[in-house]
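For the first sequence, our numbering gives the first residue as 1, with consecutive numbering after it.
Accuracy of the hints is not assured; some may be wrong.
Derived pair list, reagent style PhoX-like, types lysine-lysine, alpha-carbon separation capped at 25 angstroms [to be verified]:
1) 303 with 355
2) 187 with 289
3) 822 with 810
4) 16 with 109
5) 810 with 797
6) 822 with 797
7) 581 with 616
8) 806 with 834
9) 567 with 32
10) 581 with 619
11) 109 with 94
12) 152 with 187
13) 226 with 215
14) 717 with 616
15) 619 with 109
16) 806 with 693
17) 16 with 113
No lab work stands behind these hints, which were simulated from the structure alone. Keep in mind it's a predicted model, so treat the numbers as computed, not measured.
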Amino acid sequence: MAARFNPLEADAHWQKVWEERGTFHASDSSGKPKAYILEMFPYPSGRIHMGHVRNYTMGDVLARFRRMNGFEVLHPMGWDAFGMPAENAAMEKKVHPGAWTRSNIETMKAQLKRIGFALDWSREIATCDPDYYGHEQALFLDLYEAGLVYRKQSEVNWDPVDMTVLANEQVIDGRGWRSGALVERRKLSQWFLKITDFADELLDGLGELDQWPEKVRLMQENWIGKSQGLRFRFDLVEPVVDHNSFEVFTTRPDTIFGASFAAIAADHPIAQAVASIREDAAAFIEECKKGGTTAAELETAEKKGFDTGLRVRHPLDPDIALPLYIANFVLMDYGTGAIFGCPAHDQRDLDFARKYGLPVTRVVAPSVEEAADPIGGEAYTGPGRLVNSRFLDGLTAQDGIREVIGRAEAEGWGEGTTVWRLRDWGVSRQRYWGTPIPIIHCDACGAVPVPREQLPIVLPEDVSFDIPGNPLDRHPSWNKADCPRCGASARRETDTLDTFVDSSWYFIRFASQPADAPFERADAESWLPVDQYIGGVEHAILHLLYARFWTRALSRIGRLGVEEPFKGLFTQGMVTHETYKAPDGRWLAPDEVESRDGALIVAATGEAAESGRVEKMSKSKRNTVDPEPIVDQYGADAVRWFMLSDSPPERDLPWSEAGIEGSWRFVQRLWRLASEVAEGSHSSWLGGDAEDKPLLRKLHQTIAAVAANIEALAFNKAVANIYELANAIEKAAPSPTRQSAIETLVLLVSPMVPHLAETAWAAMGRDGLVSDAAWPTVDPALLVEDEVTIAVQVNGKLRDTLMAAKGAAKEDLEALALASDKVQRVLEGKAPRKVIVVPDRLVNIVA
RNA sequence: GCGGACGUGGCGGAACCGGUAGACGCCGGAGACUUAAAAUCUUCUGCCCUUCGGGGCGUGCGGGUUCGAGUCCCGCCGUCCGCACCA
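Whole structure, please, built from the sequences with the hints as guidance.
Written out as structure tokens, the structure is:
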């Protein structure tokens, strides 16, 4: 056995062995319990980055650990291969998006293989493959037939740089999520998926996802945005251009007697009507539209209103007429685009009322005595009972809401209703590199689904990207088709599906991939739901919500008996790195700086460099570290070990040269220990035959702790447990226990550093692969110590410690503690007032 | 503004249910081996004081509960994340 572990040799060797033996192929027909471990599949951008390595290492440790514990494990990998970077590359580098994508996949697959992940490559998927997206087209038609897909003219978010439509979710602060360009509004005919039909169940379903981070559940809850309240009609005192009334929505119908004005959005039909007869109104509306939508602008934007001169009747008292304003803070796309203002109990309404001199009437008071207290500069939003509200007086808010809704429904001027923030999912994209939408447009028949036997509708290869826009639109032949219904010549839909559709069901296809159907229900159900899904928080809303919706939609139309696709979710932190700047302010890559005499310098010029914040690895800050050369230098195991060490997996991991060096050293330390056993030479053999009880205890405690920590995805703690065991073994005197501890250590580290473990396992003469070995069993009797350290405190301050048998009597511990010199010195002869004894832990003497 | 997370040595972090704060790793110091270096090994390493026995302080800040608080409660401060004129 070599003095040093040679990862380059070992990595390649074992990776080949695993592949040849099909070690990690998942069997559908296995009698073992099943475990489905999945990491979010990568976009094939070119090369693997450290974030991928961290993500997949975590999943890999869990997958290997589950295998060792007797599970049939499905741990697949694929490619989220459609999307715009491929088209950007096509424009910039004059390569076909398909060629670019496939070559990236090849590169990245080779890179992933070198890290030795326990993946079932036989189930590999690329979403740009017609074998995949053809089935997606079939599923789209299934949803279409079930009435869950519809087409409508709608104002969309148009990204003028990418020349495409964006979903609401893809607009961040009024800018395209990818291009960063200011988004414009345009009217286009778009395909929509009825995700809002599922709003309630998507919200309720969150309650059962107890293995999801609370944070993600909250984010989805907020995104779905359920508000319950009253929708009711305001009648105009005198009509304006054919309008007699309009509807408003409120979550606080109990405060209706506090109403002092009504307000509508600038693009509300009534506002438009007013504008058509009044120039000043039109001018005000124009001004509203100018305002920016960024967070900062909204923060500082003044609440502005335009008094239309119109009056509306209070629904509970026709004698009360409220002024109607057009207001810049009322949004057309939320609720009904109209509100009533209750200044006393809503800060925004209060600001507005003060500005325009409107009355402020308190209708909620914390107590009867405060019923007449005036409202100052701050709206009252606390608890209390209704006042100044006629028949509602004395009721709580909750009862008041119920009362008003009841009356509105009985009198026919309103109804209790629920308003959602969630919108239907617009899936049309004016892009080439995506799944073609399987629809044909016929002048006579309208939109007609492509017949199933014509699927897949394959993307044409002969396209050009020299002008912006969708090349499918200007293709000479592809976009022409005969109408499946009447046979007349018709146009093929040239929009493609949002790539989030591709990632909404890939986990089902991994579980089952027949040639003639998207999936086989029984096989898919045997694996689903995914037991542990691991990926970045950036997908907390979009991808995870869409995948949940898609799964529920398939379930509703009877294709699948699974409601929630991901039983456990884990969102891992990013890999970060220090940033460096040159004196002229430009960013420097890590290999461009050097440390000399404790000072940071630019390697090439010798001028002083500056180190900046530790930030997420990004091309713009130039602080990326490419995993491949690191693997070349240190081997896969050292990299894997580093990815798991130190930082808790949900937090950021700062990459450092020193860190990877440390991991490399530990891999070699493990090797030296294993070598002792393999060579049958060293101290571990030559010792006596007595059992080393403390070491045995440490061993069993470690087996249990590592298992519990891997189970909890607390890899950093599992790593620490292993370090402790390795330290204990190294310090232990030769004994048979020491030898078996080393053998067990190899098993414990095998999910993390599998290449080293396989090599050591073989060198120690053990049969088979360590990858097929069972996780060691724990002897529960060895988990407890028979001697414990007791802390001795005086007035809560530690003064001494003493050893005692586990389970020693309270009186004995008290006596031992009082006998301590150190305790006596502190007590100065005084008698203790009280002694608290916590068995097996401490004695606290109160003086 | 709303919602959430977090704050522990020079650094990453550990600490079960309130019971010895700082496990484990990194960095750093001293020493051994070596012609030398690397590798490896031994050892020290929260801060301050010390007559080297010890003593004091210490988990963002200020209070409180308790025999005992990193942990629980109240009030601040700070950092990060998500959403946002949501009626």
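Right, here's what the structure says about each hint:
1. Only pairs whose Cα atoms come within 25 angstroms are accepted, and residue 303 paired with residue 355 is accepted, the gap being roughly 9 angstroms.
2. A distance of roughly 17 angstroms separates the Cα atoms of residue 187 and residue 289; the hinted pair therefore holds under the 25 angstroms criterion.
3. A distance of roughly 20 angstroms separates the Cα atoms of residue 822 and residue 810; the hinted pair therefore holds under the 25 angstroms criterion.
4. For the given pair, residue 16 sits about 14 angstroms from residue 109 by alpha-carbon distance, which is consistent with the 25 angstroms threshold.
5. Restraint check for residue 810 and residue 797: the C-alpha separation of about 19 angstroms stays at or below 25 angstroms, so the hint holds.
6. This hinted pair checks out: residue 822 and residue 797 have alpha carbons roughly 12 angstroms apart, not beyond 25 angstroms.
7. For the given pair, residue 581 sits about 16 angstroms from residue 616 by alpha-carbon distance, which is consistent with the 25 angstroms threshold.
8. This hinted pair checks out: residue 806 and residue 834 have alpha carbons roughly 23 angstroms apart, not beyond 25 angstroms.
9. Straight-line distance between C-alpha atoms of residue 567 and residue 32 comes to about 19 angstroms, which keeps the hinted pair within the 25 angstroms bound.
10. For a cut-off of 25 angstroms, the pair hint linking residue 581 to residue 619 stands: about 14 angstroms separates their Cα positions.
11. Taking the CA atoms of residue 109 and residue 94, the gap is near 24 angstroms; set against the 25 angstroms cutoff, the hint holds.
12. Restraint check for residue 152 and residue 187: the C-alpha separation of about 10 angstroms stays at or below 25 angstroms, so the hint holds.
13. Restraint check for residue 226 and residue 215: the C-alpha separation of about 17 angstroms stays at or below 25 angstroms, so the hint holds.
14. Our distance criterion of 25 angstroms between C-alpha atoms is met by residue 717 and residue 616, whose separation comes to about 23 angstroms.
15. Straight-line distance between C-alpha atoms of residue 619 and residue 109 comes to about 21 angstroms, which keeps the hinted pair within the 25 angstroms bound.
16. Distance hint between residue 806 and residue 693 is fulfilled; the C-alpha atoms sit about 16 angstroms from each other, no more than 25 angstroms.
17. Restraint check for residue 16 and residue 113: the C-alpha separation of about 10 angstroms stays at or below 25 angstroms, so the hint holds.
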